[in-house]
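S.K.: In case you want the letters, here they are:
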Amino acid sequence: AQKVTQAQTEISVVEKEDVTLDCVYETRDTTYYLFWYKQPPSGELVFLIRRNSFDEQNEISGRYSWNFQKSTSSFNFTITASQVVDSAVYFCALGELTRDDKIIFGKGTRLHILP
Amino acid sequence: DTGVSQDPRHKITKRGQNVTFRCDPISEHNRLYWYRQTLGQGPEFLTYFQNEAQLEKSRLLSDRFSAERPKGSFSTLEIQRTEQGDSAMYLCASSIYRDFNYGYTFGSGTRLTVV
Numbered sequence: 001a002q003k004v005t006q007a008q009t010e011i012s013v014v015e016k017e018d019v020t021l022d023c024v025y026e027t028r029d030t031t032y033y034l035f036w037y038k039q040p041p042s043g044e045l046v047f048l049i050r051r052n053s054f055d056e057q058n059e060i061s062g063r064y065s066w067n068f069q070k071s072t073s074s075f076n077f078t079i080t081a082s083q084v085v086d087s088a089v090y091f092c093a094l095g096e097l098t099r100d101d102k103i104i105f106g107k108g109t110r111l112h113i114l115p
Numbered sequence: 116d117t118g119v120s121q122d123p124r125h126k127i128t129k130r131g132q133n134v135t136f137r138c139d140p141i142s143e144h145n146r147l148y149w150y151r152q153t154l155g156q157g158p159e160f161l162t163y164f165q166n167e168a169q170l171e172k173s174r175l176l177s178d179r180f181s182a183e184r185p186k187g188s189f190s191t192l193e194i195q196r197t198e199q200g201d202s203a204m205y206l207c208a209s210s211i212y213r214d215f216n217y218g219y220t221f222g223s224g225t226r227l228t229v230v
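So the protein lines, in turn, are chains X and D. Oh and the first sequence: position 81 is 81 in the working numbering, straight run, nothing missing. Oh and the second sequence: position 97 is 212 in the working numbering, straight run, nothing missing.
Hints listed in this document are in silico derivations from the structure and should not be mistaken for laboratory results. Please read these numbers as outputs of a predicted model, since none were measured by experiment. Don't be surprised by glycine CBs; every beta carbon is placed ideally from N, CA and C. Check the hints yourself; a few may be wrong.
Said to hold, decoys possible - Here are the simulated DSS-like pairs of lysine-lysine, each with C-alpha atoms no more than 30 Å apart in a straight line:
#  : chain 1 : residue 1 : chain 2 : residue 2
1  : X       : 70        : D       : 186
2  : X       : 16        : X       : 107
3  : X       : 102       : D       : 172
4  : X       : 102       : X       : 70
5  : X       : 3         : D       : 172
6  : D       : 126       : D       : 186
7  : X       : 107       : D       : 186
8  : D       : 172       : X       : 38
9  : X       : 38        : X       : 16
10 : X       : 38        : D       : 126
11 : X       : 102       : X       : 16
As the list claims (entries may be wrong) - Label pairs and their computed distance ranges (CB to CB):
#  : chain 1 : residue 1 : chain 2 : residue 2 : range
12 : D       : 175       : X       : 9         : 35 to 45 Å
13 : X       : 2         : D       : 169       : 42 to 52 Å
14 : X       : 80        : D       : 186       : 23 to 33 Å
15 : D       : 131       : X       : 31        : 41 to 51 Å
16 : X       : 17        : D       : 131       : 47 to 57 Å
17 : D       : 156       : X       : 31        : 39 to 49 Å
18 : X       : 13        : D       : 169       : 20 to 30 Å
19 : D       : 135       : X       : 59        : 39 to 49 Å
20 : X       : 67        : D       : 127       : 18 to 28 Å
21 : D       : 193       : X       : 31        : 32 to 42 Å
22 : X       : 15        : D       : 156       : 26 to 36 Å
23 : X       : 46        : D       : 228       : 42 to 52 Å
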């Protein structure tokens with residue numbers, strides 16, 4: 001079955017705190033892609049990162065970092081020193097080659113950064 | 116090219132009316148996708164095209180929905196005899212087939228309200 005689970009519906013943290021958004025996925029494919037998207041109040045989905053199933057190296061981009069662990073089928077996203085502008089809904093997504101690259105999304109985690 | 120454009124941004128219609136949305140993808144992208152997003156949910160796949168060919172329609176897409184991409188460029192999504200349950204954000208995305216470097220590029224969406 002193809003599935004993306006974001007168990008955290010909503011998270012609130014105070015500015016400058018670190019926060020981790022969890023993502024667990026299910027797939028039978030050996031080749032797949034994982035994504036994180038940000039959806040600010042304006043509504044547009046903004047691409048943040050892609051990881052393919054052969055690359056388990058963690059990645060850091062400024063205050064953002066991603067931890068991909070195939071053993072636990074997880075692809076978690078951490079924001080360090082959060083800022084109010086990070087407030088948004090964040091979606092984890094999965095794409096599989098056997099499903100012709102269609103991407104499916106989790107239900108999202110709404111993140112509130114409090115000043 | 117400035118990205119994926121969707122028109123209109125907002126549409127309010129009376130139940131039973133027909134509505135049509137337009138999506139202009141990034142010009143060199145051969146794949147075009149339609150998703151629907153309801154409040155508090157992640158985007159759900161509706162249909163997609165490779166060039167002008169419609170490759171798949173989700174079971175979410177009832178007979179009242181039709182999508183076209185006549186020349187492999189822009190696409191339209193029409194909903195006939197709208198119902199209140201059709202109220203949602205309709206998102207369009209485009210990509211280059213098998214190029215997952217940036218996932219999909221999404222437009223800002225069309226928010227439909229059926230009253």
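S.K.: Confirm or reject each hint.
M.R.: Now for the hints, and whether the structure bears them out:
no.	hint	verdict
1	X/70 - D/186	41 Å, violated
2	X/16 - X/107	26 Å, holds
3	X/102 - D/172	12 Å, holds
4	X/102 - X/70	20 Å, holds
5	X/3 - D/172	19 Å, holds
6	D/126 - D/186	25 Å, holds
7	X/107 - D/186	33 Å, violated
8	D/172 - X/38	26 Å, holds
9	X/38 - X/16	19 Å, holds
10	X/38 - D/126	24 Å, holds
11	X/102 - X/16	36 Å, violated
12	D/175 - X/9: 35 to 45 Å	22 Å, violated
13	X/2 - D/169: 42 to 52 Å	21 Å, violated
14	X/80 - D/186: 23 to 33 Å	46 Å, violated
15	D/131 - X/31: 41 to 51 Å	46 Å, holds
16	X/17 - D/131: 47 to 57 Å	49 Å, holds
17	D/156 - X/31: 39 to 49 Å	27 Å, violated
18	X/13 - D/169: 20 to 30 Å	43 Å, violated
19	D/135 - X/59: 39 to 49 Å	41 Å, holds
20	X/67 - D/127: 18 to 28 Å	43 Å, violated
21	D/193 - X/31: 32 to 42 Å	35 Å, holds
22	X/15 - D/156: 26 to 36 Å	28 Å, holds
23	X/46 - D/228: 42 to 52 Å	24 Å, violated
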